[in-house]
Amino acid sequence: MTTTPPPRPPLRSALRDAGIAAVVLLLILFTAFVRHRNGEHASRERRRAIEAAQAVARGDTPVHATSAIGVVRPALSSKDHPYLARRKVIDPGARAGRERALGGPDAPAADKLLYDAAARYDREGPFVAMLADGSGRAVAAVTTARGPAIAVTAPPGTPEGLPWLMLVGLVGLGAAIVSAGAVSGRGGIGVGVALAALAVPAWMWGGAMLAGATGLAAAGVGVAHARGATDRFAAAIAANRVALSFLAPAAIAMAVLVLVPFAVGLVIGFYDHHHGQWTFVGLDNFAKILSGDGRAFDDPLNFWFILGVTVLWTGANVLFHVVIGTTLALALRQPWLRLRGLFRVLLIVPWAIPNYITALIWKGMFQGEYGAVNSLLEGVGLDGVSWFSSWGTAFAANVATNTWLGFPFMMVVALGALESIPRDLYEAAEVDGASAWQRLTQITLPHLRPALAPAVILGSIWTFNMFNVIYLVSGGKPGGSTDILVTDAYRWAFERGERYGMAAALGTIIFLILLLWTVFGTRVTRKEEAA
Amino acid sequence: MSAPAHGRTRRPSAVAMIAVYAALAVATAAVLYPVLLVVKKAFEPGRQFALSASPVPEDVTLEHFDGLLGASFAQHALASIAVALATTVVGIFLACTAAYALSRFRFPGRRTALTTFLVVQMFPASLLILPLYVLLDQLHLLNSLTGLVLVYSTTAIPFCVWTLKGYFDSLPRELLEAARVDGAGPARIFFTIVLPLARPGIAVTALFSFMTAWNEFIMASTFLTDEGKYTLPVLLQSSVGQFSADWGRFAAGAIVTSVPVMALFYVLQKYLVGGLTAGAVKG
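One line per chain: the protein sequences are C and E, in this order. Per our numbering, the first sequence runs over residues 58 to 588. Per our numbering, the second sequence runs over residues 2 to 284.
Everything labelled a hint here was simulated from the structure, so no lab data went into it. Because the structure is a prediction, the values reported are computed rather than measured. Do not take every clue at face value.
Unchecked claim - If you want the footprint, here are the derived chain C segments under chain E, 3+ residues with CB under 8 angstroms:
(1) 342-356
(2) 398-405
Claimed, not checked - Which residues of chain E face chain C? A partial, calculated answer using Cβ under 7 angstroms:
(3) Gln49
(4) Ser53
(5) Thr98
(6) Ala102
(7) Ser104
(8) Ile158
(9) Asn216
(10) Trp248
(11) Ala255
(12) Tyr272
Said to hold, decoys possible - Coverage of chain E stretches by chain C, computed from C-beta distances (three or more under 8 angstroms per stretch; other residues unrestricted):
(13) 17-29
(14) 84-96
(15) 168-174
(16) 260-266
Don't be surprised by glycine CBs; every beta carbon is placed ideally from N, CA and C.
Let the sequences and hints guide you as you build the complete structure.
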């Protein structure tokens, strides 16, 4: 929009800009406040838990209230139930040597906390941590001669509230500064200064970084206001408000459920996730993946091995799809063919079946003992094969499945392209005495290429991402060697101890590969069209 | 599709005819064989996949279908139907409004929005699973069908937006202009004129959304942890899990699950090819 906006009352426009920016900044500040408060709370509770545990170890009563304390004795397995480890606890204040069984029908509910903490102590040694139940309690275990002394703090009272008075004061002060600036003709400075006041709470709750960012944002909004950019933007929104309100629901849904997750995925790639703890590790995950993490190139967990398998997988499938699809399309295009419609309907059946069902069916067919494929082999006098115990046969089983379910798409695309080749070309060629082979290579195939090129790009992306077939047919067997990049990323996240960071970093790498491939693919397609 | 009218057809050589028919026959047999095996398994007693390679059952029984009725199949089918219908309704609402804005209005950012809808399709679903898992966890929407509906309706949006935009583009401009002159507001024009006229397009995108939600496996299997909430794909996969595979029940369930969507697919088929190769990339 290049039309000049109608002049607006400077005070209203300044208050609008400052107001919108303040609401956004206050939302961020509120998040910072909650994080800051929870952080302070957690460190206080941890300190209290340690103090209480040390008091229990000395035999004293803890200063602060607790929900469970005691010295827990090592686990003993009972004779009747060897897998059920039983423990005893020495309650504080009990006479020396006096122990009671931990847990049981009449035991206090807090015994479970002690039992879990003792089990964790056995694995990790002394520790202090927040309880994972969201109750805001901390638990600590310190070593004593008789076993770990454990203390769980009492549930905290209502958390500290937001300092509303200060915020109301800041907003009132800001409104006054904005008005003063607007009335004196320096609206930009007024808006900037008023917003910059929010850097003070930002400093208190989020540190220098957040304060600096707030200051920069304030300056940005002030400059934009002074230059009239915000007025033009508001005018553009007002002029297109019907269109934008129609677009808004989908735009918001896409932003929340696609773009935000995408951004979150990018960020997670720089973190390590272990036992629910997030640690910033910079580029470590990427380095680990790209260097193979000390694994040999033929190790199925080495990134380059998996990439090789993925490329081979994609190439083999797309090749089979194109060759089979085009051949069948050419056969279906013969003018004298009978039952053409029937053949066409039957041949696209694999496309119609949900692909997870196809994958499960083929998994069943490739089963060693009862699978149909082995029965067929035995029927013609060959030995049955244990399909998923060696790389070659497992890979072949995956490719067979995916070829079966994927060729109809190429066939339909090729059929459409064949239909658009003018018949006169063939007739002219026939008059000139061209052989059938010459007509195929000189007319048909050159005309198929431009239509097939985008379908090949699309098909290769689908195959590259074909999670269901790999996951359900071979399941990566043997030993993860038939996994492709997307199934490997999935396993990092959900099957190898929630290594979210590794999964997300691998996801970013996969995305970059796809992006490069698409850009390259569109280039080639365009050149083809231009030629 | 009937054979195209073709003037003086030369008699093909016998070799060519045999080759063409042989190729089509082999391909059709290869396509039908696994399907027939599943049908056979559904009607044959026993839990094992197949004891013989023949696609003809030796013994016919309805026990697997009866078993479906007895099991919690109906409950899972209901979950799947609810998810797919809700996805369709939400997805159609989002796609219709967005496509209308992109088709009938010119505003700054329109081209960007159109390209975004294309590019977004390139994000493979398997990569968004992890961040979506983390987000849904924060929102307490893991293990809930609502969370699944939200995720599904956005994955179908780009295709639906592009298809519907084509429909809206083809509506006569004069009609909408006349309505506006008569004093109808934008909402009224949209609901009483545009939507009724675009019914065929809406039907196509509705079927597509339904099919997408009905067929989705991996997100459902990752997000739903409570067995009672499983949608049909997760149920079917778990029925042939590692330890207790019951292929008879799987086959019966697979037939009941896929026949409706296969019917939908044949209705949709000609729109799918156009929509997908128009540049849309489904992951």
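* Asked: Quick one, is the Ser53(E) hint okay against chain C at 7 angstroms, beta carbons?
  -> 6 angstroms, holds
* Asked: Should the hint that Ala102(E) touches chain C count as held when the rule is a Cβ pair under 7 angstroms?
  -> Hint on Ala102(E): holds, closest Cβ of chain C at ~4 angstroms, below 7 angstroms.
* **Satisfaction of the Ala255(E) interface hint, Cβ to chain C closer than 7 angstroms** => Status holds, d = 5 angstroms.
* To do: So, Gln49(E) near chain C? Judge it on the closest CB pair being under 7 angstroms.
  => 5 angstroms, holds
* **Interface hint outcome for Ile158(E) [beta carbon to chain C under 7 angstroms]** => With Cβ-Cβ at 6 angstroms, under 7 angstroms, it holds.
* **Per-stretch coverage check for the segment 342-356 of chain C, three Cβ contacts closer than 8 angstroms to chain E** => violated (count 0)
* Minimum beta-carbon distance criterion (7 angstroms), Thr98(E) to chain C -> The hint holds - Thr98(E) has a Cβ within 7 angstroms of chain C, the shortest such distance being about 5 angstroms.
* To do: Return the status of the interface hint for Asn216(E): holds when the least beta-carbon distance to chain C is below 7 angstroms, violated otherwise.
  => 4 angstroms, holds
* Per the coverage rule (Cβ-Cβ under 8 angstroms, at least three residues), is the segment 84-96 of chain E covered by chain C? -> holds (count 3)
* Within the segment 260-266 of chain E, is the number of residues with a Cβ closer than 8 angstroms to a Cβ of chain C three or more? -> holds (count 3)
* Asked: Given as covered by chain C, does the segment 168-174 of chain E meet the bar of three residues or more with CB within less than 8 angstroms?
  -> Since three or more residues must qualify, the claim that chain C covers the segment 168-174 of chain E is violated, with 0 doing so at under 8 angstroms.
* To do: Apply the coverage criterion to the segment 17-29 of chain E and chain C: a residue qualifies when its Cβ sits closer than 8 angstroms to a Cβ of the chain, and three qualifying residues are needed.
  => holds (count 7)
The structure fails hints 1, 7, 12, 15 (numbered hints given earlier, in ascending order).
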